[in-house]
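Chains as they are written, first to last, in my numbering: chain P, 1087 to 1481; chain S, 62 to 448.
Be a bit skeptical, because a hint or two may be false.
As the list claims (entries may be wrong) - Ranges of calculated distance between the beta carbons of each label pair, as one might list FRET restraints:
1. P:N1141 <-> S:T241: 41 to 49 Å
2. P:P1309 <-> S:S294: 44 to 52 Å
3. S:R190 <-> P:P1323: 37 to 45 Å
Stated by the list, open to error - Facing chain P, according to a computed beta carbon distance under 8 Å, are these residues of chain S, among others:
4. L77
5. R78
6. L81
7. F84
8. R120
9. I121
10. I219
11. H227
12. N293
13. A295
14. A309
15. V334
Simulated from the structure, these hints should not be mistaken for laboratory data. Cβ coordinates follow ideal geometry from the N, Cα and C atoms, glycine included.
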Amino acid sequence: MGSLFSQIATVTVMNVRSLPRRLWMSLAMVLASAVVVAILLAFLAMAKGFETTMNSAGSDGVAMLMREGAAAELNSVVTRDQVSLVEDLPGIASDAKGPIVSPELYVIVDGTKKSTGTDANIPLRGLDAAGMALRGNVQLTRGRSFRPGTNELIVGEGVLREFDGFDVGSEVRFGKNTWKVVGAFSTGGNVFESELWADAKVIQSHYNRGSSFQTIRVRLQQPGNVEPLQKAIAADPRLNLDVQTEKAYFAGQGKQLQYMAIFGRVISFIMALGALAGALNTMYTSVADRAKEIATLRALGFSNLSAFCGTIAEALVLAITGGLLGSIAAYLFFDGLNASTLGGSFTQVVFRFEMSPELFVQGAVLALVIGFASGFFPAWRAARLPVIVAFRNGA
Amino acid sequence: MSDFYLIYKNMTRKPLRLFLTCFAIFIAFLIYGAVTTLKGALDAGVDLAADNRLMVVNRINFTVPLPISYFRKVAAMDGVKNVTHANWFGGYYQDPKKQLVVMAVDPESYLRVYPEVVVKPEQKKSWLRDRQGILVGEKLAKIYGWKVGDKIPVSSNIFSQKNGGHTWDFVIDGIFTGNTEQYDTGYMVFHYKYFQETQSFGGDNIGWLVLTTEDPSLNEKVAKKIDTTFANSAFETDTSTEKAFSKAFIEQIGNIGLIIFGVVFMAFFTILVVVGNTMALAVRERTGEIAVLKTLGFSSARIFKMVLLESLLIALVGGLAGLGAAKLLIEGAKTAMAQFLSNLVMGGDIVVQAVGYMLLLGLVTGLLPAVNALRLNIVTAFNRAGV
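Bound-form chain P, shown alone (with noise of 0.2 Å):
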């Protein structure tokens, strides 16, 4: 007999040759493992998709004013003349034309959806220029910008993907206003391509929004301080507003599909106790099934460590094979799948399911760990079963 290496490799060879003899049992560990690994990486690439929509979008040199208490951009009310004041404030970062202040309109009108023809939410947001340049990563990626004034309006990719209607050149109507749509602007993937913009002043005197806002954002001095700003708000009492950075006003927005993949890490580990039973089931019969030749091959000489990593061994590429067929599923359904849904501010935020590198590492962890487990305990037993009980029970 050789060294236990050259042992182990040979049950582990000798394993895995004869599984296709054990077609029903080998296919369905395989089948159990690629369904874990699955479900796993779809809520991890859902929730990963929303991460960077959300979180891309916010800016930590950007921030956002909002009416005290209003815990969204739609329940918020800003007057002109709080406008006026807010230009004042330090801690704002100035250009050529004076302090970068974008204030801005935020209105919802409907949209029908490509998937399932029925109506959503998308928002309308009216700014002017110092808002497009407030938000460094905006691309101009078919036609123009709209012109000031006018009913022209530009439409995100996201929403371009997930609505119809919208092509550039084509005209919409949200009551009694008719749009034409003049260009389509990318913004890197975040949550401002689920939207529409239109000039300011026009959607103010459409929707009878008088001179008001809804919010402010200003470019800041120094990212991430908004300490100046506050207290020149604290101390005027003519500025009852709330101020905070626009990445700290878009992560609190994504909290709400952080629960949906809390949700299904705990379902998709549900599950795996689930599939796991199976696969710990299909192993043991597996090995009761081969009692006797793990023990002709003890018999042999071949030590009980060798026929306990030949059969850990084998879970392990069962295991895997499914792992790998879970991902590969996994990808191919869901890797860029769009989908969209109501975010914080009761609009639709259009998302791309998001398959990166270290969800696979995690998938591939996980499906180590269920043939692992699911290997271990038959394999000890194996091991350990007397040679002549085992040949006994065969006969």
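Fit chain S to the supplied structure of chain P, relying on the hints for placement.
Just chain S now, with coordinates in the frame of chain P:
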């Protein structure tokens, strides 16, 4: 020796295997029960919608308000039985993060349009009289421990008071229950007049109108009438049945729900396949014994019945335990999640469906080995087992 004794012995010969099999089935049905209940709760708004109830919202979107004058105009239309209006208040109690469903409504017509809302007569009387009174749903009252007569401050993250604050003080005049268990009583309503007088902006706007028609067959006609009446005005309307409206709202949560349920059900069936496979194998292992039983004079039909009963029994034991655990889980989650999903109820249809799947699992996994056992030729069986 009764058949049941044999079945019992067969089942328990490998306790570990029995445990693992039952456990896997248990998990599968635990998740099935929990997830279908969750789905049922999400769809409850659609299922409970009254047939003759219509929603009138602004065509632009239901968050855009309508003028109050529409209330009288719609009330005067033919075919309209009752009509009421409501405003979303954006309320919260103490913590802005914990939103409450609070609406400003026209009290009398509201109770007429929503017969599901059950209030004790004397409470109803005092609420209708009391302009600062609020009517609280039973579920909501339970969460915060509110009683009739309590004074509660409710804040709004949309509106502000004329005096600059965001908080309104209300007196709880009544606590309402639903006429069915599924009816969601996790909200509260107060007088629109009080809201209108105290808010600093918003003027004479209402959020939406709800009306009942004299008969469901009139729905379409009435809806069309309303929408054409207000077409080409500054506030165009979109009228749909309550059912369609709720459904559209649920769909806003989006294909995410669909994807999750899809994934879970796929997993559910895969677990059943895996488990079924082991159960079938467990019977096949016993070919030799079945041959012995046949030799002893057991009829084929009897053996067939025994094998089938065994797999049915295993499926039911695991499955019913799982369903029971799901029920417990939901009862626990009910209080914890009352704010988001208040009508978590495991309905009879879910139980029936689940039991159906258990029987199916038992039959499918038992049938093939049972048929094999039925057809088994004793001599071949002994030959096979003897090798």
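**Message:** Checking each numbered hint in turn, tell me which of them this model violates, lowest number first.
**Reply:** Hint check: nothing fails, all pass.
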